[in-house]
Amino acid sequence: MALAPGSVTWLRGRNGRGKTSLLRLLAGLSSPADGEFRVAGQTLREGGAAWRSHWLYVGHQNALKDDLTAFEALRFLADLHGMPADAAGLAQALKRMGIHNRQQAPVRTLSQGQRRRVALARLLLSRSVPLWLLDEPFDALDADGITALNSVISEHAAAGGCVLLTSHQALSLAHPVPSVFDLEPYVCA
Amino acid sequence: MTAQPLRFFSFAAPSRFYALAGRLLPLFWVMAVVLSAIGLYIGFFVAPTDATQGDAYRIIFIHVPAAWMSMLLYLVMAFWAGIGWAFNARTAAMVARAIAPTGAMFTFLALWTGAFWGKPTWGTYWVWDARITTELILLFLYLGYIALVNAIDDVKRADQAGALLAIVGSVNVPIIYFSVAAVSLKNKSAKISTTAAPKMASTMLAAMLIMTFAFWAYAFAVVFMRTRTLLIERESHTAWVAQVVERKIPG
Amino acid sequence: MTRSVFMTVLRRDLKLASRRRIDALLPLAFFMVALSLFPLGVGPEPKTLQEIAPGIVWVCALLASMLSVNALFNGDLADGSLEQMLLAPTSSIALAAAKAAAHWLLTGLPLIVATPLAGLMFGMSAPAIAALALGLTLGTPILSLLGTLGAALTLGLRSGGMLLILIVLPLATPALIFGAGAVGMVEAGLSASGHFSLLGALLICSLIGAPVATAAALRISTE
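Chains as they are written, first to last, in this note's numbering: chain A, 1 to 189; chain B, 1 to 251; chain C, 1 to 223.
One thing to keep in mind: the hints can contain errors.
Stated by the list, open to error - Chain C is faced by these chain B residues, among others (derived, beta-carbon under 7 angstroms):
id, residue
1, Ala161
2, Leu164
3, Ile176
Rather than coming from a laboratory, the hints here were simulated on the basis of the structure. C-beta atoms are modelled at their ideal positions from N, C-alpha and C, and glycine is treated no differently.
So here's chain A without its partners, still in its complex pose (with noise of 0.2 angstroms):
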């Protein structure tokens, strides 16, 4: 697999086939049970924690806080992964993601979709980061929310970006068009 400046492509899979794991994998979150997994070759290790300032990870969960309001959740995000975000910006980004009404409420009043966008909204303030690894980002978003997403990632890919994403549903991304990657002829038996 090659991940072109400019490209998004698509991991494609069934259940269980590995697609998680991969992005985790890449991401530095998880080993590989043999073998080594380098990056410009170094293992993730000899590179140190700055090396992850290179790409993005938005897993499954949102990593949201219940107890905290949309805004503050956002901000926690982005001040732990060194993002510059003042307020303007941080309402700015989830303005785009259409959650900037709901921003003082408490992450546990909003719905699974509303999660979803205020987790995606950290993209916004990442453009810096060439590579985003997204896990089911479309996930729980309505109509709305895919439009918004699809806008972000064609502009992240249109400014140089990578984007390398897994999802069950047919893509609607047409700027640039997405290239797939099937997992199904590297799976172990």
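Using the hints provided, position chains B and C relative to the given structure of chain A.
Only chains B and C this time, still in chain A's reference frame:
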């Protein structure tokens, strides 16, 4: 383990370790039995009766070697667990797991025989001095290790978590010992001195050393047996295990 | 303006605790309840209570710490926050230190503040109470640091709480011995400076070693 480094690493391979351990097992059992017989004979029949403590002191021929073994085995366990973690070496990790129950057993034996030494000598089964308290904490460290590795289903995570715990524990054991010793030195109620082991006649020392070697041989034997069992369990999907099983089942 | 990971996580945990105030006070409540069981169980004889007080207070502090540290990472594990924290472009050692600091501020500090009350409950003299408080000031951070390590090792396990206590208590015994011993020295009219310096040394060792070990444990437990 005095094999040259080059050949040594080749025995890290599960199938080779299994075969080697199997060949050495009878040797270790024989050594254990013979040495214990000699050691116990000297300890219980040949060594002189102690002037102050009478014949009750003879239990130290089991107590002291067991205590030494308990501490040594913990360090060995931590060492092999650490090797398993650092080099992703499966066999080393299994050896560490195999050592734990034996180490715990020796710790318990040391405590139990210590109690039997204590009663006739100082009139009490238990005393909170530095060494015995350290033994008790050591027992809890072993139990904690065993509990942790058994509570984790994922084998690799269990091995690594156990390694970390064992290493932290080995750093802690000297700290625990010195803290109890430092406090009981200052504590005016510490009338009892457990360094009052009877003055060592050379036969007594010989008996203790022989018993220590006997326990070593026993530990090797039991740990190898347990490791072989673990190897079969964990590597049950490989070809060499299938062959081993076939050979054991006739026809 | 980017803040350090340590401050980010610490402030978040404190903010979360402020939104669940009752939950945050549970360790303190447990501490007081557990303490009061002893006069009930042992009998109200003042001399007995005075003698056993230092040990009892330390043990109850230990148990309160261990019970509250169990859930340190559970919430973050469940909602995926832990994953994101481990992905931050800084070393997880800062994360481990922040969690331990949050635990101490929320559990250890209230216990220290409650010490005089505990001392009065057992009829301790003022110098003894002071020695107890100083010991706990040095000792509760050690308990938080070791507890955080234990929580990282037992992350997500069913038997978590009991297992954590079994693992951490043996490691915490030196602190217990010195802390309770210091009070005994003061009550006997002797100087406890040796005990306190040893406690201080233990604290320094824990500050240096525990977050590193905890970071390794987090990696082990989440891979």
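A quick look at each hint next to the structure:
no., hint, result
1, Ala161, "5 angstroms, holds"
2, Leu164, "6 angstroms, holds"
3, Ile176, "6 angstroms, holds"
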